[in-house]
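Trainee: Protein sequences, first through last, are from chains A and B.
FYI, the numbering used here numbers position 79 of the first sequence as 91, with every residue one higher than the one before it.
FYI, the numbering used here numbers position 53 of the second sequence as 56, with every residue one higher than the one before it.
Hints are computed from structural coordinates only; laboratory data are not their basis.
Predicted model, so just to flag it, every value in this text is computed and none were measured.
Heads up, a few of these hints could be off.
Heads up, simulated DMTMM-like pairs for lysine to aspartate or glutamate below, C-alpha to C-alpha not over 20 Å straight-line [unchecked claim]:
1) A:117 x B:67
2) A:18 x A:103
3) B:61 x A:103
4) A:77 x A:103
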Amino acid sequence: MAADQKLTIPENSIQWRAFQLPKEGHSTEEYEDACDGNVALGRFAVADGASESVFARLWARLLVKHFVGQRCVEVDDWHKRLPEVQRQWQEELASRQLPWHAEQKFLDGSFATFLGLEIFSDDSGLLWQAVAVGDSCLFHTRGDRLLCAWPLEKSDQFNDSPRLIGSRTPRDEVNYNRALWKLPQSGAEQQLRLIPGDRLWLMTDALAQWFLMEYESGRCPWQQIDAELAIQFYELPSSEHRCKAACGSCAPATQTGADEPVAPETGMSELSTTQTNTPIMAEAETSTPKPSATQPNIPEAAAKQSNIPEPAATGCGAAEVAEYPQPKRPDDRFDVDSGAPEAAEDQQRFERWIGQLRRSGRLRNDDVTLVVVQIV
Amino acid sequence: MPYTAEISRSNPTCFLFLIDQSGSMADALGDNSGRNKAEGVATAVNRIIQELVYRCAKGEHILDRYYIGVIGYGDELSLGFTGDLAGEVLCPVSAVGNKPLRIENRKKLVDDGAGGVLEQTIRFPVWVDPLANGGTPMCEAIRAAHAVISEFIDKHPRCFPPIVINITDGEATDGDPEPLADQLRTLASEDGNVLMMNLHISSQAGQPILFPASDANLPDQYAERLFRMSSPLPPTMLRLARSSYPSISDGARGFGFNADMASLAKFLDIGTRVAANR
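Could you put the whole structure together from the sequences, leaning on the hints where they help?
Mentor: Here it is in structure tokens:
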């Protein structure tokens, strides 16, 4: 959709929460994923820095910050603006006196996967679109159904050599045609509608692979996550517009217009009628397992849970909002605003749960990043 | 499954180089480069150490995911690095990376992107200098390695199995090293047996051979013996090796003949790999 057709996202229609954890046995300094979000712009992103490359963490962070912070960067043209991020990366490092081992690798550049999500609004409600390079994945769920798994849709599609974006790769040589995926695909009429209660899950590869394996075994991993974490969404005041580029086209984000609630019923039909055109879409209507209380592998809490998550289900009432009024609270450990106060209980539950999954051998030991976006 | 332990700061592994510094290493290499075998060996070791350091480099820092050590064997056994690193046989990789003997400027030919080559100056850290003196006490070196590795495994029982890399022209003068190598490979952490690699640096001309699965094309009995002394690459390493060497066979051993073994560092699983889409 062209930029001029997009409407400002209605206030308080999106909540989000980010969870991050380094590899077992690794410290947070070794964590090389990155994630960020911007409710006002409806932008969310995760990136997975390739640990074999140097300064990958910096590169991953710059990629997500650039994407979520700049309204002027259209999702369609996002890759054309990459030289801006590459320049930031170079400038950040060029002034440093680098040791021999960093110098050579600086010349080689840094590498990362990337997944960017934009939620936007038109006359009929909220929609989403996304770009991806590599094996960081996005899942769209509605109640007990997985509507979309993207860009990978099967757990056996993960391997050791995901597509990566390089901090030095020349623009016209990045093989974007092969490496860059976009949903909806260019030229397609497909629209990806969102209704209240929908969730979008952004994950780096290890957790995404676990998610798809669970799904392939007939389980609902998103409900497992919900049951394990009891995610606490915190309503943050809208971020200020963070575009640093003097691009002219960047009007500050405002919260005007579209006070009406979004029309919920428009979503499903749009999605289910268009999905057949897109092979990477999961079979929303036919093959999604319907969990029941008798299904043995679903945690009890998940099985009991309502299929459609309640908007603002857990702990994000007015009292909590008042208690955490500051929009930007840098997370000391990850230098990312994870959408919640530090040491939030759900982050602790996340760490425990990921630890259990790793020890059980069901989750590959890798950096784990999860961003959950909920439509209210 | 063996050979799947995480290589991390909390569970480091180690690499121990056994370096032939005997008199025969003064003979010329078989590649008409004008260099002698001692220079070939020193360059091989320095290249592998460089790659090992790269694998642990994070920004300007080096994470101690493993230890690196050297044992030279020639006139006498020399345990450990020289210079600032002298002391323990095994040094943390951060110390190794930060304290080479010196950093040389070397010329390297690189593709200029237009069908030609450009000469580029690169910084080349040096930890080991060429030496060629006396006999070849390879057996003594393997015994010393046995002691060093045993101690390391005692301290790090869950580690990814230590890797011993023996670089030699193959002609031991203190007996048959094969039974000692067999014993060395029986040492094991909870994650599997010690891996022994052998790099044969020879005066014979011929195509470099790397990670063969059989001794069929090896040039002499010394190469054949070193092949037998070499561990098969475990499946986890074999899988990663295939991204650099797609044609590598099942049963490939950690053996090279006049070859550059620096790619070995890439056979270890340390995070997301940079292969595609550079």
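Trainee: Run every hint past the structure and note whether it holds.
Mentor: To see whether the hints hold, each was checked on the structure:
no.	hint	result
1	A:117 x B:67	18 Å, holds
2	A:18 x A:103	34 Å, violated
3	B:61 x A:103	18 Å, holds
4	A:77 x A:103	16 Å, holds
The structure fails hint 2 only (numbered hints given earlier).
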